[in-house]
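Asker: Each residue of the sequence shown is one higher than the last, beginning at 1 in the working numbering.
Keep in mind that the hints were calculated from the coordinates and are not lab data. Here the structure is a predicted model, which is why all the values come from computation and not from measurement. Among the hints, a few may not be true.
Restraint ranges, calculated between C-beta atoms of paired labels, are given here [what the hints assert, rightly or not]:
no.	residue 1	residue 2	range
1	R100	S80	12 to 20 Å
2	D242	A116	14 to 22 Å
3	V260	H208	14 to 22 Å
4	P165	D73	16 to 24 Å
Ideal placement from N, C-alpha and C gives every residue a C-beta, glycine not left out.
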Amino acid sequence: MSIHPDHGHHAGHEADTTAAALTAEPPRADPAGDDTLDLRVDDLVALLTGGRPTPPATAAPTNDSGDSRLDGDLLDSVASWAPADTRFGGFRLVPVRLGRDLPLLARWMNDPAVAAFWELAGPDTVTADHVRAQLEGDGRSVPCLGVLDSTPMSYFELYRADLDPLARAYPARPHDTGIHLLLGGVTDRGRGVGTALLRAVADLVLDHRPRCTRVVAEPDIRNTPSVSAFLSAGFRYAAEIDLPDKRAALMIRDRALRHVL
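Modelling step: build the complete structure from the supplied sequences, incorporating the hints.
Answerer: Given below as structure tokens:
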């Protein structure tokens with residue numbers, strides 16, 4: 001299952017049915033203005049010039065266009081991140097290559113349960129345009145396959161929430177990192193896989209992005225299975241926020257509470 005994306009930035013989201021549920025009266029939102037947007041100079045220069053910082057020597061191979069730039073420094077080289085262990089098996093993030101992955105992604109996007117929220121159903125070009133915009137962007141969003149025990153079974157978008165239009169809707173902190181997720185196979189939905197992957201990916205972000213203090217997400221408030229999956233994965237419900245295409249639940253996983261929730 002998935003939730004309705006915010007087309008004001010990049011689409012996407014996640015879901016998985018869990019036993020967790022929202023309270024009748026959600027906790028109060030974080031106080032407005034308790035954080036400030038403070039970009040590093042090199043981040044800002046890269047964005048203003050339309051370029052990307054040079055990726056580290058361990059960066060993954062080139063994308064389909066032959067361009068040696070991948071995700072660079074804005075997301076600390078996702079392609080080089082180590083695998084993670086989950087109760088469902090070994091998991092890793094593999095940056096999307098359109099020439100290899102488009103048929104699979106387009107099939108997932110045409111699943112009615114996914115299309116209802118991602119709104120990317122249609123010919124392969126619809127999905128290709130959505131993914132290519134990230135691959136050819138400035139590196140603030142990285143589309144990835146989620147591979148479980150060598151099987152591609154999910155799609156993730158990791159993005160710099162503090163550099164995204166989402167930052168206008170909540171008190172963003174420097175290097176806040178956002179997650180969108182969809183589970184490709186029906187058999188992986190409703191049995192805790194989504195929760196396990198959300199926790200694993202949030203842990204990967206915190207392990208490999210030392211400047212990031214929070215992992216965030218903004219599922220549609222109506223998508224209670226998705227909100228529940230985030231709650232079960234150690235995220236807290238911080239606020240309801242209005243985005244261009246939806247009213248969203250702002251979910252936050254704090255580095256400081258990582259081993260508590």
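Asker: All hints are to be evaluated individually against the structure, with a verdict given for each.
Answerer: Results of checking the hints against the structure:
| no. | hint | verdict |
| --- | --- | --- |
| 1 | R100 with S80: 12 to 20 Å | holds (19 Å) |
| 2 | D242 with A116: 14 to 22 Å | holds (20 Å) |
| 3 | V260 with H208: 14 to 22 Å | holds (21 Å) |
| 4 | P165 with D73: 16 to 24 Å | holds (21 Å) |
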